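Chains as they are written, first to last, in the working numbering: chain A, 1 to 222; chain B, 1 to 222; chain C, 1 to 222; chain D, 1 to 222; chain E, 1 to 222; chain F, 1 to 222; chain G, 1 to 222; chain H, 1 to 222.
FYI, nobody ran anything at the bench for these hints, they're computed from the structure. In this text, all values refer to a predicted model and were calculated from it rather than measured experimentally. Heads up, a few of these hints could be off.
To be verified - Chain E regions said to be covered by chain F (calculated; three or more residues, Cβ under 8 Å):
{"hint": "1", "segment": "37-50"}
{"hint": "2", "segment": "120-126"}
{"hint": "3", "segment": "182-196"}
{"hint": "4", "segment": "212-222"}
Said to hold, decoys possible - Derived PhoX-like pairs (lysine-lysine); straight-line CA-CA distance at most 20 Å:
{"hint": "5", "chain 1": "C", "residue 1": "K65", "chain 2": "C", "residue 2": "K84"}
{"hint": "6", "chain 1": "H", "residue 1": "K117", "chain 2": "H", "residue 2": "K84"}
{"hint": "7", "chain 1": "H", "residue 1": "K88", "chain 2": "H", "residue 2": "K181"}
{"hint": "8", "chain 1": "H", "residue 1": "K84", "chain 2": "H", "residue 2": "K222"}
{"hint": "9", "chain 1": "F", "residue 1": "K222", "chain 2": "F", "residue 2": "K88"}
{"hint": "10", "chain 1": "G", "residue 1": "K88", "chain 2": "G", "residue 2": "K218"}
{"hint": "11", "chain 1": "D", "residue 1": "K84", "chain 2": "A", "residue 2": "K84"}
{"hint": "12", "chain 1": "G", "residue 1": "K218", "chain 2": "H", "residue 2": "K84"}
{"hint": "13", "chain 1": "A", "residue 1": "K162", "chain 2": "D", "residue 2": "K162"}
{"hint": "14", "chain 1": "G", "residue 1": "K88", "chain 2": "G", "residue 2": "K222"}
{"hint": "15", "chain 1": "G", "residue 1": "K218", "chain 2": "H", "residue 2": "K60"}
{"hint": "16", "chain 1": "G", "residue 1": "K218", "chain 2": "H", "residue 2": "K88"}
{"hint": "17", "chain 1": "B", "residue 1": "K88", "chain 2": "C", "residue 2": "K162"}
{"hint": "18", "chain 1": "E", "residue 1": "K181", "chain 2": "F", "residue 2": "K162"}
{"hint": "19", "chain 1": "A", "residue 1": "K88", "chain 2": "A", "residue 2": "K117"}
{"hint": "20", "chain 1": "F", "residue 1": "K162", "chain 2": "F", "residue 2": "K117"}
{"hint": "21", "chain 1": "B", "residue 1": "K162", "chain 2": "C", "residue 2": "K218"}
{"hint": "22", "chain 1": "G", "residue 1": "K222", "chain 2": "H", "residue 2": "K117"}
{"hint": "23", "chain 1": "H", "residue 1": "K218", "chain 2": "G", "residue 2": "K84"}
Ideal Cβ placement from N, Cα and C applies to all residues, glycine included.
The lines below spell out each chain.
8 protein chains.
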Amino acid sequence: MDKHVNFDFHRTLRTGQPEIVFSAGKDKNSLLSLLNFFGTNKNEPVLFTRLEEEIFSLLKESIQKSYTYDRLARTAFTCPLSDKVNGKVAIISAGTSDGFVTWEAQRTLEFFHVESKVFEDCGVSGLWRLQSRIEEINEYDLIIAVAGMEAALVSVLSGLTKRPVIGVPTSVGYGVCENGKTALNSMLACCSPGVSVVNIDNGFGAACFAHKTLLSCKGIRK
Amino acid sequence: MDKHVNFDFHRTLRTGQPEIVFSAGKDKNSLLSLLNFFGTNKNEPVLFTRLEEEIFSLLKESIQKSYTYDRLARTAFTCPLSDKVNGKVAIISAGTSDGFVTWEAQRTLEFFHVESKVFEDCGVSGLWRLQSRIEEINEYDLIIAVAGMEAALVSVLSGLTKRPVIGVPTSVGYGVCENGKTALNSMLACCSPGVSVVNIDNGFGAACFAHKTLLSCKGIRK
Amino acid sequence: MDKHVNFDFHRTLRTGQPEIVFSAGKDKNSLLSLLNFFGTNKNEPVLFTRLEEEIFSLLKESIQKSYTYDRLARTAFTCPLSDKVNGKVAIISAGTSDGFVTWEAQRTLEFFHVESKVFEDCGVSGLWRLQSRIEEINEYDLIIAVAGMEAALVSVLSGLTKRPVIGVPTSVGYGVCENGKTALNSMLACCSPGVSVVNIDNGFGAACFAHKTLLSCKGIRK
Amino acid sequence: MDKHVNFDFHRTLRTGQPEIVFSAGKDKNSLLSLLNFFGTNKNEPVLFTRLEEEIFSLLKESIQKSYTYDRLARTAFTCPLSDKVNGKVAIISAGTSDGFVTWEAQRTLEFFHVESKVFEDCGVSGLWRLQSRIEEINEYDLIIAVAGMEAALVSVLSGLTKRPVIGVPTSVGYGVCENGKTALNSMLACCSPGVSVVNIDNGFGAACFAHKTLLSCKGIRK
Amino acid sequence: MDKHVNFDFHRTLRTGQPEIVFSAGKDKNSLLSLLNFFGTNKNEPVLFTRLEEEIFSLLKESIQKSYTYDRLARTAFTCPLSDKVNGKVAIISAGTSDGFVTWEAQRTLEFFHVESKVFEDCGVSGLWRLQSRIEEINEYDLIIAVAGMEAALVSVLSGLTKRPVIGVPTSVGYGVCENGKTALNSMLACCSPGVSVVNIDNGFGAACFAHKTLLSCKGIRK
Amino acid sequence: MDKHVNFDFHRTLRTGQPEIVFSAGKDKNSLLSLLNFFGTNKNEPVLFTRLEEEIFSLLKESIQKSYTYDRLARTAFTCPLSDKVNGKVAIISAGTSDGFVTWEAQRTLEFFHVESKVFEDCGVSGLWRLQSRIEEINEYDLIIAVAGMEAALVSVLSGLTKRPVIGVPTSVGYGVCENGKTALNSMLACCSPGVSVVNIDNGFGAACFAHKTLLSCKGIRK
Amino acid sequence: MDKHVNFDFHRTLRTGQPEIVFSAGKDKNSLLSLLNFFGTNKNEPVLFTRLEEEIFSLLKESIQKSYTYDRLARTAFTCPLSDKVNGKVAIISAGTSDGFVTWEAQRTLEFFHVESKVFEDCGVSGLWRLQSRIEEINEYDLIIAVAGMEAALVSVLSGLTKRPVIGVPTSVGYGVCENGKTALNSMLACCSPGVSVVNIDNGFGAACFAHKTLLSCKGIRK
Amino acid sequence: MDKHVNFDFHRTLRTGQPEIVFSAGKDKNSLLSLLNFFGTNKNEPVLFTRLEEEIFSLLKESIQKSYTYDRLARTAFTCPLSDKVNGKVAIISAGTSDGFVTWEAQRTLEFFHVESKVFEDCGVSGLWRLQSRIEEINEYDLIIAVAGMEAALVSVLSGLTKRPVIGVPTSVGYGVCENGKTALNSMLACCSPGVSVVNIDNGFGAACFAHKTLLSCKGIRK
């Protein structure tokens with residue numbers, strides 16, 4: 001094993017906190033080492049994000065079984081955190097094309113042991129899709145809204161609810177969408193108060209923020 | 001009068017078409033010459049756009065009276081075109097801050113002798129404002145939608161109507177709004193089909209397009 | 001079939017309207033499911049856009065035959081809408097390199113049952129190409145103008161016609177063309193009134209806008 | 001009074017909710033009308049943001065006394081909302097130059113009847129300034145972090161606290177700071193999880209989000 | 001006179017070449033010193049560009065008379081270079097709003113003792129304006145084309161002439177025109193070969209390039 | 001052969017002028033058709049630019065031999081134009097990495113029957129490379145300067161020569177070079193007069209401009 | 001004195017280090033308070049940067065005399081640091097228009113008690129200006145190079161010297177210069193190794209870096 | 001061997017200085033020629049940067065052994081320079097994902113015969129990682145700081161040390177990170193003085209600057 005391979009390994013052992021491995025751009029061998037390590041040491045909670053199926057499928061089947069893996073959300077973890085947080089989160093998406101971000105948020109919350117429900121395909125080109133579900137959505141403490149293109153969902157949604165909305169712009173779209181920049185700016189420019197925003201495609205980040213907020217404001221379920 | 005002053009003057013006389021004078025950036029003296037000329041030769045229809053009140057108020061009162069002038073729309077004209085076009089246009093705006101663009105569109109249509117009605121303050125942060133008027137809006141042939149910031153109005157509106165929507169992004173907003181660029185990109189990225197867009201703050205251009213469309217598809221009223 | 005596959009399927013069945021499937025970025029398996037479904041249920045009108053030949057060629061030959069497919073326009077549909085709209089649309093392009101957008105517009109209009117004719121290769125580097133056809137073009141109710149690079153076609157065209165021009169910038173070009181942004185901005189900055197614009201490469205969107213305009217202003221052919 | 005003056009007036013009366021008037025870009029006469037109206041009808045809670053001292057000082061002294069006005073925060077209101085929200089918010093700023101945003105957030109929370117405390121001048125060029133206060137900061141439920149330039153405060157802060165951090169980039173700085181864009185992108189790119197972001201200089205928006213979060217997760221104090 | 005004032009002075013005396021003083025951004029006192037010096041030492045040819053009338057009018061009348069000054073072109077010089085260059089230059093502009101750049105080019109050529117003629121108002125929204133003059137234009141050796149907004153003039157012109165075209169984008173326009181960037185990119189993306197481009201509003205630079213080209217290819221008139 | 005294949009074919013036959021085929025982005029089959037046509041009809045002068053070796057190598061050997069092909073310049077032509085232009089062009093490049101643009105310019109001039117010489121590797125990080133050749137360079141009528149990264153070559157060169165300089169920015173470099181945009185802006189901002197610029201990597205365009213200039217100012221060699 | 005005025009005051013007293021006050025954007029009253037405080041407590045070394053003459057001239061004459069003030073560099077300080085650093089710095093500028101940045105660097109070094117010499121007007125449009133001074137420049141330990149527009153000076157200079165070059169891009173220029181961004185990117189893209197760069201117009205920052213480097217590598221003069 | 005292959009070869013022999021070959025974008029055959037040449041002529045010191053393993057592994061094993069090659073740093077050299085420079089450099093990185101840049105800097109310093117030590121994984125999301133090493137870091141003369149995303153490491157580090165910091169932004173990150181632009185701007189906007197910056201991912205450039213600085217200020221070790 002050459003000197004550059006096992007770089008993330010020692011850090012993982014060093015901290016007691018749940019470890020997050022952002023897999024994109026990481027060396028294939030390094031990832032497999034980490035997946036094998038945590039797959040055989042299951043008492044260490046760990047979440048792998050942006051983990052492509054091609055990498056995961058290279059693991060031995062017994063190791064694969066140690067993990068729940070979601071192909072669309074590109075996430076793998078062995079077990080969620082033991083403490084369950086009070087409160088629950090609604091995850092609303094504009095379209096199914098935003099699914100890779102929507103489900104990354106859902107899976108991250110699952111790993112953090114936070115209750116959540118996904119409401120897909122609520123884009124504003126057909127308002128009834130959102131309006132028919134708004135009453136149910138309003139029963140959740142926090143809302144994560146996932147949308148690409150012009151991301152008008154966030155503006156409409158935050159006008160319909162008293163809940164705070166965490167916007168996640170996605171890179172869905174072409175031309176002026178500029179890989180999510182238009183969705184990002186739309187959310188930040190939102191005329192309706194009660195919205196804050198995370199990086200493009202960052203479903204993980206929105207879930208982290210939601211988790212920290214519930215932990216801080218509502219605490220652990222006993 | 002030095003050689004650079006009367007530049008637009010000869011062109012005005014050369015064409016039979018209604019003359020449009022885009023006043024922004026033009027020399028004060030040149031503008032006053034033009035305003036005086038057309039104010040005393042009222043049978044020549046002319047529209048001045050982006051004409052600031054400070055300039056207009058420098059005219060003699062008798063000349064001022066030759067024009068209808070609108071302070072917010074920053075437009076002046078002597079009389080509308082004689083031919084009245086078939087069809088009518090609804091002009092919807094997100095907020096009263098977009099008024100300088102909204103009314104530029106209305107006034108341009110008035111000059112072009114096209115029937116129109118303004119529906120202000122229909123931004124999507126309060127959906128009921130749009131929904132309570134949508135039935136009336138749907139009775140118009142074309143819709144001009146004026147919005148700044150994230151311009152979500154256009155997406156919602158085009159999902160609620162069968163009428164084509166001409167979007168006019170405005171420079172209203174700050175920070176990421178980038179002088180209307182976010183509104184422009186939002187409209188162009190609109191997920192709901194049936195929208196086309198003009199330049200930022202270009203209420204005049206939207207009215208021109210609407211006028212040309214009605215003239216082409218519905219003709220002159222006899 | 002895992003939970004993320006058939007996402008667009010239920011929506012398709014839910015609405016009576018002609019269904020549009022934007023294929024780019026969609027999962028190969030999902031697309032094939034949809035193509036198979038509509039290919040065997042031909043009374044449901046559907047339009048697939050941005051559908052690459054590699055995907056379409058994976059279908060069974062009997063299913064392929066249910067569709068008309070156009071390789072350059074990357075579109076497939078079973079049958080056009082039954083109602084024929086009044087009026088007709090001229091589609092003008094600057095060059096044959098813009099063909100993938102030009103023909104997407106033409107095919108979408110065909111699906112919407114709108115009469116149209118394509119005039120290719122009218123770029124302004126050789127003005128006679130446009131001028132020799134302008135008389136014929138002027139007989140159409142609406143004009144869709146497709147151009148990349150600096151998109152000067154739109155400015156010249158709108159100065160030569162009384163018809164409204166719907167501009168479609170294309171991503172054709174390199175360097176400062178910036179994937180269509182220069183063409184887009186050129187069209188929006190157009191000095192000649194009567195132009196509105198859709199997203200880069202969005203031939204489909206221009207056709208939708210034209211269809212909605214004719215439907216609204218001229219109605220259904222009886 | 002011409003037709004464009006009293007645009008925001010009727011809307012204000014229409015809703016029971018606290019009214020927010022974003023004063024920037026609004027007509028001087030319109031603002032004075034609104035200020036006079038609410039200054040004499042004090043039972044209607046209203047918040048004016050981005051209200052320059054030059055405007056406010058034009059009011060009669062008796063009307064001025066109806067308001068608390070803050071020159072730096074550029075905000076005016078008659079009285080806070082009657083319901084007091086549970087929980088409290090720490091507002092941390094990188095430097096005193098960010099004061100116009102920091103205090104806009106504080107004043108908005110005051111108007112919303114939310115307890116808050118400002119910790120100014122905690123920029124990371126001198127880490128001890130933040131570290132010596134972190135224990136006290138950690139006693140608050142939510143954190144609003146205000147910073148311009150490269151906004152490194154947000155990254156360091158979110159690594160030192162379990163509380164969620166709402167980042168507000170400011171337009172402080174020159175050259176590459178690009179009116180707050182670098183601060184905005186830095187916050188969105190933050191390597192430390194638990195951060196979400198609002199528009200540049202939008203202290204008001206951060207306070208709204210915090211208020212909605214506490215209302216949703218902790219409710220009204222009885 | 002403090003140490004920072006007379007900075008450009010010694011350089012002027014050092015070289016035998018015609019001196020160019022770019023006045024924008026220069027200190028008022030420094031400019032007046034230079035104007036006075038050259039106004040009393042007229043055998044030294046010098047060209048002042050971007051010289052505002054407010055500055056020039058501060059000179060004593062006797063000094064003013066030493067110069068020819070053009071208010072629109074914002075240029076002043078005492079006498080042109082003594083050598084006359086062979087060949088001549090046509091300067092075409094899209095509109096009179098581009099005059100400040102058009103005439104800067106003309107005046108610079110006059111100073112360089114190069115024959116030139118200005119053809120204003122040839123924008124392509126009315127093609128006949130260009131086409132009726134193209135035969136005369138074609139008799140010039142080089143063409144300078146000045147245009148703002150979408151600058152389609154350059155594309156059309158270079159398709160109509162065998163002469164090389166030097167494009168000068170101008171900052172005329174608003175919204176997507178972005179202070180001349182759209183005009184610049186349009187010219188650089190021009191589909192018709194035989195065009196090269198200078199900086200935005202740089203009429204002086206285009207004239208320099210034309211002068212150097214004629215000097216190099218056609219030499220001095222004897 | 002389906003309807004979209006032979007699009008450029010008829011245009012080629014229509015004009016007597018030398019035909020230029022910009023091959024990038026064109027369909028492989030279309031290119032091969034064109035190459036075969038002109039390879040067997042050699043009296044028709046044609047230039048293929050941006051023609052990748054992979055395409056060219058698919059031709060039958062006998063057809064390949066009809067062309068001179070240059071792998072680095074990615075150009076092919078059968079024979080140059082018959083008329084030889086007076087004057088000659090120096091092509092200077094900053095480094096050998098700019099070769100694909102440098103030689104495209106040289107090959108285009110060769111096709112246009114213009115005398116030229118290439119001076120490679122004259123970047124300013126080692127000034128002697130340029131200074132030792134400047135005397136020879138000055139004997140040419142026009143200079144084409146090719147450079148990527150910060151493109152300082154153009155500024156230095158135009159300060160050392162009386163010849164006009166046509167700058168060609170290249171996409172060589174990484175990070176802030178932004179695919180040639182920094183080189184482009186550097187050339188346009190050049191402090192030394194006598195420079196004009198073409199699109200990024202557009203060696204062909206620079207050669208066209210040089211050809212047109214010599215033809216216009218110096219005429220055909222008899 | 002209201003609560004927002006004396007914000008920077010307590011920090012100044014808290015640290016033993018030389019205090020830097022970045023005056024731009026600061027409140028006039030706050031600045032005058034600070035200037036008065038340090039002007040009467042001269043044993044506290046302090047540097048004011050970006051201090052406009054209009055502010056400074058408001059001080060009582062006796063306080064003004066406590067400071068050395070430089071109008072062009074916009075800096076004021078009472079006395080330099082007592083420790084003199086080993087080594088010396090050459091400050092090279094492209095033109096006198098860059099003076100406001102050049103002299104800010106010089107004055108900052110003077111305040112830090114570092115020996116330096118300014119070489120103005122060395123832009124590469126006339127190479128001899130740099131080459132005639134390069135031998136003297138090479139006797140300095142570090143070089144600060146100040147340039148706007150395309151900033152080619154940095155590339156040429158770093159190719160002529162073995163000394164490290166600290167580049168300071170300036171906002172001098174117009175059009176594509178984009179307030180210094182082109183100069184900044186040019187310096188960062190510099191093909192000649194041995195260059196690092198600071199923010200646009202940040203003469204102060206370059207001097208700080210030079211001071212820290214000499215202090216670290218050469219120490220205090222005894 | 002065709003005319004475009006051995007372009008860099010002759011230059012290499014021409015100069016006595018250590019040769020640097022930037023391999024990215026270079027022709028595979030050219031690179032192999034150069035590697036073979038220097039691998040058999042080992043007394044000529046040469047450094048290959050951005051050399052991908054796929055290229056290097058194509059060499060004969062005997063040639064491979066002439067070089068030390070580092071897969072992560074993508075660098076190869078035969079032997080370091082003979083003269084050892086005084087002073088030493090600390091290389092700090094935010095995370096292991098920045099390794100390809102971090103180790104490029106380290107390897108370049110090794111080639112230049114400069115002592116250095118790498119401190120990886122010091123990102124500010126866990127401040128203790130940096131604080132626990134700061135005392136050791138402070139013993140080095142210069143610091144190179146490598147970071148992507150929002151690059152807050154540089155701000156914190158320069159506030160903790162008296163040593164000058166050379167920032168190297170990396171392209172690590174997604175969305176708003178924009179391939180390193182946010183990290184670059186963050187470093188340039190750094191509120192803490194004593195920082196200068198090189199191009200994105202330019203570990204080589206930072207090492208060159210450090211080498212030149214030590215050579216200039218501390219000289220050769222005897």
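Quick rundown of the hints versus the structure:
no.	hint	in the structure
1	37-50	violated (count 0)
2	120-126	violated (count 0)
3	182-196	holds (count 7)
4	212-222	holds (count 7)
5	C:K65 - C:K84	24 Å, violated
6	H:K117 - H:K84	16 Å, holds
7	H:K88 - H:K181	29 Å, violated
8	H:K84 - H:K222	8 Å, holds
9	F:K222 - F:K88	15 Å, holds
10	G:K88 - G:K218	10 Å, holds
11	D:K84 - A:K84	29 Å, violated
12	G:K218 - H:K84	18 Å, holds
13	A:K162 - D:K162	25 Å, violated
14	G:K88 - G:K222	15 Å, holds
15	G:K218 - H:K60	47 Å, violated
16	G:K218 - H:K88	13 Å, holds
17	B:K88 - C:K162	19 Å, holds
18	E:K181 - F:K162	29 Å, violated
19	A:K88 - A:K117	8 Å, holds
20	F:K162 - F:K117	18 Å, holds
21	B:K162 - C:K218	13 Å, holds
22	G:K222 - H:K117	31 Å, violated
23	H:K218 - G:K84	18 Å, holds
In this structure, the hints that do not hold are numbers 1, 2, 5, 7, 11, 13, 15, 18 and 22, in rising order.
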